[in-house]
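> Model the placement of chain G on the given structure of chain L, informed by the hints.
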Amino acid sequence: GAVVSQHPSRVICKSGTSVKIECRSLDFQATTMFWYRQFPKQSLMLMATSNEGSKATYEQGVEKDKFLINHASLTLSTLTVTSAHPEDSSFYICSARLLRGLSYEQYFGPGTRLTVT
Amino acid sequence: DAKTTQPNSMESNEEEPVHLPCNHSTISGTDYIHWYRQLPSQGPEYVIHGLTSNVNNRMASLAIAEDRKSSTLILHRATLRDAAVYYCILSIEGGQNFVFGPGTRLSVLP
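Chains as they are written, first to last, in the numbering used here: chain L, 1 to 117; chain G, 1 to 110.
In isolation and in its complexed conformation, chain L is listed as follows (with noise of 0.2 Å):
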């Protein structure tokens, strides 16, 4: 149990354009999803945390208008690259929260890797 899936896996676009990637879970329902980027080398930094039916919660230097994330059911979230530009290119990996006990554990989706040209 426990998975979580994205799509897709990896997509090409042109700068300019507009670019969805879904994050779902698949066997558990989550109210909290999270949306991390990772470069080339680096660790994964969190852009924001998605709250199902209200808005996300965006960290500090990313921008909201920029990254649009949807979270409208207890199993997807979706993030939006609006206008790409080629330093949007990275690794977008979501991960969603689930409650075990008394603690809570993230599981994390495989990833979508976004090439801007």
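Simulated from the structure, these hints should not be mistaken for lab results.
Cut-off 30 Å, straight-line C-alpha distance, at most; resulting in silico cross-link-like pairs (DSBU-like, lysine-lysine): (1) L:K66 - L:K41; (2) L:K41 - G:K69; (3) G:K3 - G:K69; (4) G:K3 - L:K55; (5) L:K64 - G:K3; (6) G:K3 - L:K41; (7) L:K64 - L:K20; (8) L:K66 - L:K20; (9) L:K20 - L:K55; (10) L:K14 - L:K55; (11) L:K20 - L:K41.
Computed from a predicted model, the values in this text were never measured in an experiment.
Below, chain G without anything else, positioned relative to chain L:
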């Protein structure tokens, strides 16, 4: 979030045990200790987590110091598939977002 420090890299021979250390001297009483690992071009994979007592699961063991200022992830018999970046992360009981440090890159030699 409380910080953790880990060695940048470690090496192990195949089929030998591996002890991956993590220091978290500013840990608070409600922080859980989580370990994840990440293979190239994949999302992080949950390994184990604990609060105070040592924990065992099918993947690894987690040994937590009595003062909780450090912990050690133990892989009992390293395989080539265990080569990955291992992250030690603290999260408060409420399960807030994880702060990833650089982790430890484990190489397993055949």
